[in-house]
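Going down the list, the protein sequences come from chains S and X. For the first sequence, position 72 (counting from the first letter as 1) is numbered 72 according to the numbering used here, and the numbering increases by one without interruption. For the second sequence, position 53 (counting from the first letter as 1) is numbered 53 according to the numbering used here, and the numbering increases by one without interruption.
If you are wondering where the hints come from, they were derived from the structure by calculation, not from laboratory data. Beta carbons are placed, not taken as given, at the ideal position from N, Cα and C, and that holds for glycine. Among these hints, one or two may not hold up.
A few chain X residues that face chain S, going by a derived Cβ cut-off under 10 Å, partial list only [claimed, not checked]:
| id | residue |
| --- | --- |
| 1 | V4 |
| 2 | Q6 |
| 3 | L26 |
| 4 | D27 |
| 5 | Q29 |
| 6 | T31 |
| 7 | F34 |
| 8 | Y36 |
| 9 | F39 |
| 10 | L44 |
| 11 | L46 |
| 12 | Q105 |
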Amino acid sequence: DAKTTQPPSMDCAEGRAANLPCNHSTISGNEYVYWYRQIHSQGPQYIIHGLKNNETNEMASLIITEDRKSSTLILPHATLRDTAVYYCIVRGQAGTALIFGKGTTLSVSS
Amino acid sequence: GAVVSQHPSRVICKSGTSVKIECRSLDFQATTMFWYRQFPKQSLMLMATSNEGSKATYEQGVEKDKFLINHASLTLSTLTVTSAHPEDSSFYICSARDRGGNHEQYFGPGTRLTVT
Numbered sequence: 001d002a003k004t005t006q007p008p009s010m011d012c013a014e015g016r017a018a019n020l021p022c023n024h025s026t027i028s029g030n031e032y033v034y035w036y037r038q039i040h041s042q043g044p045q046y047i048i049h050g051l052k053n054n055e056t057n058e059m060a061s062l063i064i065t066e067d068r069k070s071s072t073l074i075l076p077h078a079t080l081r082d083t084a085v086y087y088c089i090v091r092g093q094a095g096t097a098l099i100f101g102k103g104t105t106l107s108v109s110s
Numbered sequence: 001g002a003v004v005s006q007h008p009s010r011v012i013c014k015s016g017t018s019v020k021i022e023c024r025s026l027d028f029q030a031t032t033m034f035w036y037r038q039f040p041k042q043s044l045m046l047m048a049t050s051n052e053g054s055k056a057t058y059e060q061g062v063e064k065d066k067f068l069i070n071h072a073s074l075t076l077s078t079l080t081v082t083s084a085h086p087e088d089s090s091f092y093i094c095s096a097r098d099r100g101g102n103h104e105q106y107f108g109p110g111t112r113l114t115v116t
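Chain X extracted, bound-state conformation (with noise of 0.2 Å):
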């Protein structure tokens, strides 16, 4: 099946840096990419739409300046947290849809971002 990688796996910044959190598409190319948030104990919360070679659609509640994110080739997105701050810790996961058009959408493993 189609694969999905994040990378990394996990990270630890300092308060006040940015974080720069990498999607792939490892076998198939993907026009759509979404950013998922997941705290502790919750379900996942839709952050972004990202459409190749176009702006971000953010969903409302999230801050298009402080989650930025680009999605430049049709198989890798990016979303760098900026001024990272301690409640921005979180689970981050991306998934990807097929650009032939499936119904399935393909998710990554998830990046544990931990902000001291």
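Just chain S, with the same shape it has in the complex (with noise of 0.2 Å):
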């Protein structure tokens, strides 16, 4: 599975969009995108994914570059319960683990 880059920590004001990036320049074409976020203390919750065309469910969306070697989740009014680490993932055939990377801490603030 590819490798994902995203940066350690965002911040993001309650209310205002929060936009995560995620970088996977060596994603092969039957590789997904998923992210999952990790509230402390918790397991992993899902949260969306996708091949190659912007995807949209309740709770975010998620943008691919045409290229697909980057992708952004949008979460488009964070509350204060967005607080998580987001994890950006990779992954081809589905019956394999999920490898989880360093992730991106996001604290959302009043």
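Reassemble the complex: the two chains are provided individually, in unrelated frames, and hints are given to aid placement.
Set out below in structure tokens:
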């Protein structure tokens, strides 16, 4: 699976959009981009995933560049409860384990 | 959505004893379950992949005789930490892949193990 690079930390004001970038320049054609988050002392929570098209669900939007070498997770209206570590993971075969990098610690403040 | 539970949520044990952690998929069948370990301020580290009815596959550096994994049914996997020592104190998290084959991997809430 391709390696991902994320900034170690980001800050966001409550109510504003949080845009979390992820670089995956070595991604191959059959690999998906997944986003999970982990709130302190809890198990990771699935947010969204995509292959090449932009995706949106009730939690977030995922924007994948046309060359698929990077993506951005957008939380449209961040709240204090969105404070967490966000992990961008690239995975090919669906049955294999998710491998976590260091992620981005997002701090949302009022 | 699919729910994965873990029991216990936290456990304290004495050095040299064994501890069993259960991971259950509550509303779906999981042919594959994964066990992770997370030390403070670090990311999750994959320990092993568990397939129902077969032996677990351990990641490099994880002692299979110390971390016994059993996946006896499609809804239950157990991790037994044998002869626990203080350095085994960690947050243990399991996840399960839906037999239905969608792309999501569902995670349990984690078990905090403290070895004194």
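Going down the list of hints, with the structure as the test:
The closest approach between the C-beta of X:V4 and any C-beta of chain S is roughly 8 Å, which is under the 10 Å cut-off, so the hint is satisfied. Because the closest C-beta pair between X:Q6 and chain S is about 8 Å apart, less than 10 Å, the hint holds. With a cut of 10 Å, the hint placing X:L26 at the interface with chain S is violated, because the nearest CB-to-CB distance is about 14 Å. Given hint, X:D27 at the interface with chain S, is violated; its Cβ is 15 Å from that chain's nearest Cβ, farther than 10 Å.
A least Cβ separation of about 14 Å between X:Q29 and chain S goes past the 10 Å threshold, and the interface hint is therefore violated. Checking X:T31 against chain S: minimum C-beta separation of about 8 Å stays under 10 Å; hint holds. Taking 10 Å as the C-beta contact cut-off toward chain S, the hint placing X:F34 at the interface holds, the least distance being around 5 Å. Satisfaction of the interface hint for X:Y36 is found here, the shortest Cβ-Cβ separation to chain S being roughly 8 Å, below the 10 Å cut-off.
With its C-beta approaching chain S no nearer than about 13 Å, X:F39 sits outside the 10 Å limit, and its interface hint is violated. Checking X:L44 against chain S: minimum C-beta separation of about 4 Å stays under 10 Å; hint holds. For X:L46, the suggested interface contact is upheld, since its CB lies about 5 Å from the closest CB of chain S, less than 10 Å. Satisfaction of the interface hint for X:Q105 is found here, the shortest Cβ-Cβ separation to chain S being roughly 5 Å, below the 10 Å cut-off.
The structure fails to meet hints 3, 4, 5, 9 from the earlier list, while all remaining hints are met.
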